[in-house]
Amino acid sequence: SAVISQKPSRDICQRGTSLTIQCQVDSQVTMMFWYRQQPGQSLTLIATANQGSEATYESGFVIDKFPISRPNLTFSTLTVSNMSPEDSSIYLCSGGTREGTEAFFGQGTRLTVV
Amino acid sequence: GENVEQHPSTLSVQEGDSAVIKCTYSDSASNYFPWYKQELGKRPQLIIDIRSNVGEKKDQRIAVTLNKTAKHFSLHITETQPEDSAVYFCAATSDYKLSFGAGTTVTVRA
Chain A
63 SAVISQKPSR
73 DICQRGTSLT
83 IQCQVDSQVT
93 MMFWYRQQPG
103 QSLTLIATAN
113 QGSEATYESG
123 FVIDKFPISR
133 PNLTFSTLTV
143 SNMSPEDSSI
153 YLCSGGTREG
163 TEAFFGQGTR
173 LTVV
Chain B
373 GENVEQHPST
383 LSVQEGDSAV
393 IKCTYSDSAS
403 NYFPWYKQEL
413 GKRPQLIIDI
423 RSNVGEKKDQ
433 RIAVTLNKTA
443 KHFSLHITET
453 QPEDSAVYFC
463 AATSDYKLSF
473 GAGTTVTVRA
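Order-wise, the sequence lines are chains A and B. Using the numbering used here, the letters of the first sequence correspond one by one to residues 63 to 176. Using the numbering used here, the letters of the second sequence correspond one by one to residues 373 to 482.
Don't read these hints as lab results, they were simulated from the structure. Some hints could be false.
Claimed, not checked - EDC-like, lysine to aspartate or glutamate: derived pairs with alpha carbons at most 20 Å apart:
1. B/K430 <-> B/E455
2. B/K414 <-> B/D456
3. B/K440 <-> B/D467
4. B/K469 <-> A/E120
5. A/K127 <-> A/D149
6. B/K430 <-> B/D456
7. B/K429 <-> B/E451
8. B/K469 <-> A/E116
9. B/K414 <-> A/D73
Stated by the list, open to error - Residues on chain B that point at chain A, a partial pick, calculated with CB under 7 Å:
10. R415
11. P416
12. L470
13. F472
14. A474
15. G475
Virtual Cβ for every residue (Gly too), placed ideally from N, Cα, C.
Start from the sequences, fold in the hints, and give me the full structure.
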């Protein structure tokens, strides 16, 4: 299975500030994604991180709120901007392939906004 | 986009009994169907998957079946053990993106 490392594992942030989450994957992965998982709920796709170009966002998520970078094949960042308590959630990065084969997850970032 | 429905939302079984979780999907183009197990506070872990050209796949006590015509797939866990207690998510791939079901909380009673 692919190795996916994500950091930080948790953070408590003040409202109005921003947090950047980092994700590093091994070379088996070609696709990278960012998900949000609210407590007790399923995983919701935020966006597909595209290497060297703008991310592809899902309905309900916008670049100004969740800017994403992917400067190379194996590294991506997600920023949660101008945070409010409603942004408190677990954010997960995942790696997969274009063929839709096995997708593996990072350990997640538990974000609390106070 | 793809819509995945999962049932039941909770499932309590006696240790040693079987557990079955069912999912339906909407996009007939979906061709990959993984199942994830998520323990409390941990990341989702891939436990088994099936592709659209296969009807059934088994790995020890876990099996998955797929009915493409009806657009549904199921997870079967036999001889359940306390360590099987977790939240299970089904998913379907459409246009290389995974869409997840709402999850099933499985509790195995000793």
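Review point. For the hint on B/G475, does the least C-beta distance to chain A fall short of 7 Å?
Key: holds, 5 Å
Check your understanding: Do the alpha carbons of B/K469 and A/E116 lie within 20 Å of each other, as the hint requires?
Key -> Holds, at about 17 Å.
Review point. Does the nearest C-beta of chain A fall within a distance shorter than 7 Å of the C-beta of B/A474?
Key: The hint holds - B/A474 has a Cβ within 7 Å of chain A, the shortest such distance being about 5 Å.
Check your understanding: Taking 20 Å as the top limit, are the C-alpha atoms of B/K430 and B/D456 close enough?
Key -> Status holds; Cα separation ~16 Å.
**Study point:** Satisfaction of hint between B/D456 and B/K414, Cα-Cα up to 20 Å
**Key:** Between B/K414 and B/D456 the Cα gap is close to 14 Å, so the pair holds against 20 Å.
Point to revise | Straight-line alpha-carbon gap B/K469 to A/E120, limit 20 Å | key: holds, 10 Å
Practice item. Let me know if the C-beta of B/R415 comes in closer than 7 Å to any C-beta of chain A, holds or violated. Key: holds, 4 Å
Practice item. Quickly compare the C-alpha distance for B/K414 and A/D73 to 20 Å and report which way the hint goes. Key: holds, 16 Å
Point to revise | Hint check: 7 Å Cβ-Cβ cutoff, B/P416 to chain A | key: Since the shortest Cβ distance to chain A is 5 Å, the answer is holds.
Review point. Hey, A/K127 versus A/D149, does the alpha-carbon distance stay inside 20 Å?
Key: holds, 10 Å
Check your understanding: Are the Cα positions of B/K440 and B/D467 separated by 20 Å at most?
Key -> Since the Cα atoms of B/K440 and B/D467 sit roughly 17 Å apart, the hinted pair holds (cutoff 20 Å).
Point to revise | Straight-line alpha-carbon gap B/K430 to B/E455, limit 20 Å | key: holds, 19 Å
Checked against the numbered hints listed earlier, the structure breaks none of them; every hint is satisfied.
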